[in-house]
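Model the full structure from these sequences, guided by the hints.
Which chain is which? The protein sequence lines are A and B, in order.
Numbering follows my numbering, in which position 6 of the first sequence is assigned residue number 6; successive positions increment by one, without gaps.
Numbering follows my numbering, in which position 173 of the second sequence is assigned residue number 173; successive positions increment by one, without gaps.
There may be inaccurate statements among the hints.
Unchecked claim - No farther apart than 25 Å at their CA atoms in a straight line, the calculated lysine to any residue pairs in the SDA-like style are these:
1) K60/A to Y14/B
2) K205/B to G284/B
3) K102/B to Y202/A
4) K211/A to N54/B
5) K211/A to N51/B
6) K211/A to K68/B
7) K98/B to L13/A
8) K105/B to Y80/A
9) K60/A to K135/B
Bear in mind the hints are in silico, worked out from the structure with no lab data behind them.
The structure presented is a predicted model; accordingly, all values stated were derived computationally and were not measured.
Chain by chain, the residues run as shown.
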Amino acid sequence: MKIIEGLMIKDFLNVKSYLKIFMLTLMIFIFFNTQMLTIFFPLCLGMVAISSFNYDELTKANRFILTLPVNKKEIIRARYLYIFIMTLLGFILGFTLTSLIQIVKQDSTFNVMQNLFTSAGASIGMMLLQSFEIPIMYKFGAEKGRIIQSIGIILIMLTISGIATFLIKILNISLVTFLEMLENYIVYIALVIIAILYICSYMLSIKIYKKIEV
Amino acid sequence: MENILEIKNLSKKYDDFKLENINLELPKGMIMGLVGENGAGKTTTIRSILNMINVDSGEIKIFGLDTKKHEKEVKEDIGIVLDDSFLSEYLTPKDINKIMKKMYKNWDEKIYFNYIKEFDLPENKISKGFSNGMKMKLKIAVALSHHPKFLILDEPTAGLDPVARNDLLDIFQDFIEDEEHGILVSSHITSDLEHIADYITFINKGEIIFSKDKNELIDNYGIVKCTEDEFKKIDKDDYLMMKKRKYEYDLLVENKSEFKKKYDIDVIDNANIEEIMVMYIKGGK
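Structure (structure tokens):
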């Protein structure tokens, strides 16, 4: 566990220079559109987390890391945990900071549930993306991975809309009723899907990384 | 004598390059220099030792332990400097300490910060702005701070100025004073190896040409300079490599004195490691 901690500390320390930029952006949002922060934090932190692949690529860090007393499984586990924690942090900050600022500003649009849902939605979206992104990064490297990832996103969108269209067709209902049906369960459904995807993604990454020669 | 490193029949095939049947033995208390051209297989050999690549066949033992079965155990006790790879350039030496103390059971902050001081490295600056020499020193500080028993160094002197290189060679000499220790160091700066290595292993095109005691090499190997007429009289088995010059022939011989006894040729120079290397790479039979 200590080694996993060490690897995560490395990823955290790598991006500490981003903090200043974050603070600055925070200021701007506070003055203009506080509501946007609910989405801004999960998205930004989620993306910063993925940039750990780019940092590693710059100095071929994976080679060096493999000279330490770690195995490939631990490297993958540390990376997933790091990305997950960063995204979770994004969600927590997005929700709490936005709400706090709105309370202080006595913003009339303040709505706790709305903040919670938009922040959670953005985080879940981010995690959906990450579960595809991470194995791609391991397979193709951070640079090539970015291109393949964009193609991947389009494919995911098409698959999701395909499945939705298919369900609407067999259930023989309109899109609106379909969405209304989902509304009550959407959070649960999303959480289950994300959990399954994350676990599959983790196992796939281990499989890929074991074969890769760094 | 016990071996700190043993490689048996290591092979690894790539599309355009292969390591073939590498066999190596490094006894404790010794420094082995790995020499060869760029792309000869030095780094691939080191990466195989460290389990970074999946080899096709072969067995590697460090401290008598199979490196695949006892990977973590073995890696706790080796210090490594890789030519082209490090943790990150966005970390300060202080950050690196925070990380490394989680990585090695035996990480010793005190030793680490002593090296950082000794090497004049700023503790609180990210290493991106460091010179090549400073970056190398940082890697070496990291490699030495967990009481390793075996050092594996891939081109550690590359990019260092002569003073820094000498300092480094001194550190390696100190390290090897403990007879339980060992060093495997690859370099194409052969003069560095001539200073410190006990054994020289020469790799060319993925094969080991020789792995020998350095003194034996320097004492016995020689370069014969002869005319065409003289060359025609020499048996092919009596020299290792031949290089034709404009008016004369250079021959690399394995044993100067024996050669002298057999043939009546006066001009036999001592061969240093660089010359031996060049003869093997550029010469023919």
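Evaluated hints:
no., hint, in the structure
1, K60/A to Y14/B, "holds, 20 Å"
2, K205/B to G284/B, "holds, 15 Å"
3, K102/B to Y202/A, "holds, 23 Å"
4, K211/A to N54/B, "holds, 8 Å"
5, K211/A to N51/B, "holds, 12 Å"
6, K211/A to K68/B, "holds, 15 Å"
7, K98/B to L13/A, "holds, 10 Å"
8, K105/B to Y80/A, "holds, 24 Å"
9, K60/A to K135/B, "holds, 14 Å"
Against the hints set out earlier in the document, no violation occurs for any number.
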